[in-house]
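Working from the sequences, and respecting the hints, build out all of it.
Residue numbers (our numbering), protein chains in the order written: chain B, 629 to 743; chain V, 100 to 212.
By construction, these hints were calculated from the structure, which means they are not laboratory data. Only a predicted model underlies this, so the values are computations on that prediction, with no experimental measurement involved. Some hints here could point you the wrong way.
Some chain B residues close to chain V (C-beta under 7 Å, calculated; not the full set) [stated by the list, open to error]: (1) 671; (2) 673; (3) 676; (4) 681; (5) 719; (6) 724; (7) 731; (8) 734; (9) 736; (10) 737.
We treat Cβ as the ideally placed atom computed from N, Cα and C, and that holds for glycine.
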Amino acid sequence: GAGVSQSPRYKVAKRGQDVALRCDPISGHVSLFWYQQALGQGPEFLTYFQNEAQLDKSGLPSDRFFAERPEGSVSTLKIQRTQQEDSAVYLCASSPLGTGFNEQFFGPGTRLTVL
Amino acid sequence: GENVEQHPSTLSVQEGDSAVIKCTYSDSASNYFPWYKQELGKGPQLIIDIRSNVGEKKDQRIAVTLNKTAKHFSLHITETQPEDSAVYFCAASWWEGAQKLVFGQGTRLTINP
Chain B
629 GAGVSQSPRY
639 KVAKRGQDVA
649 LRCDPISGHV
659 SLFWYQQALG
669 QGPEFLTYFQ
679 NEAQLDKSGL
689 PSDRFFAERP
699 EGSVSTLKIQ
709 RTQQEDSAVY
719 LCASSPLGTG
729 FNEQFFGPGT
739 RLTVL
Chain V
100 GENVEQHPST
110 LSVQEGDSAV
120 IKCTYSDSAS
130 NYFPWYKQEL
140 GKGPQLIIDI
150 RSNVGEKKDQ
160 RIAVTLNKTA
170 KHFSLHITET
180 QPEDSAVYFC
190 AASWWEGAQK
200 LVFGQGTRLT
210 INP
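In structure tokens form, the structure reads like this:
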């Protein structure tokens, strides 16, 4: 079946603009994660959903970052008033179960460039 | 919180030789250690993982070892091939709370033909 998909793949925003990044997880996957990957670095955790519930948002860097998953499937990461330091690849991952150790399946990411 | 250190940052080996990447972690409560391969323009892909109740795991040319006492784990790739060229990330996780992964900084592996 299809893997995790993300759109858009590339986004260029002017400083101060709002952006919305979409993640379509693998169908039926309970858990959904967002990570931020700066150039040349490992991914860093942003937030985690189990179905529609956002159980952990400790990694969101500021209140300009907001994520939602209203129906427990598609998720959107929104960044308000973008800053240059927000430039990064935003990765979405899903896994099939709510607890325990599960393989996280990653999407290709959205590369955000803030000018 | 957990901190994962990975080295080397770059590694170049001749085709057919072995490659070893090492990681250390700080939180003794971590008990799940996956390794991901990331190719240019793609998301990370799991290649092997190990849980703290075992010391070694092998899958064809790839193996991972874990030393819980020293809090380090390593990835071993034997008989390297050009398609092994990529960036490799180690990660650590723990049972309590969400299953978020804490990643190392990555190793860019280049296989020279």
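These are the hints, each one checked on the structure:
{"no.": "1", "hint": "671", "in the structure": "holds (5 Å)"}
{"no.": "2", "hint": "673", "in the structure": "holds (4 Å)"}
{"no.": "3", "hint": "676", "in the structure": "holds (4 Å)"}
{"no.": "4", "hint": "681", "in the structure": "violated (11 Å)"}
{"no.": "5", "hint": "719", "in the structure": "holds (6 Å)"}
{"no.": "6", "hint": "724", "in the structure": "violated (11 Å)"}
{"no.": "7", "hint": "731", "in the structure": "holds (5 Å)"}
{"no.": "8", "hint": "734", "in the structure": "holds (3 Å)"}
{"no.": "9", "hint": "736", "in the structure": "holds (5 Å)"}
{"no.": "10", "hint": "737", "in the structure": "holds (6 Å)"}
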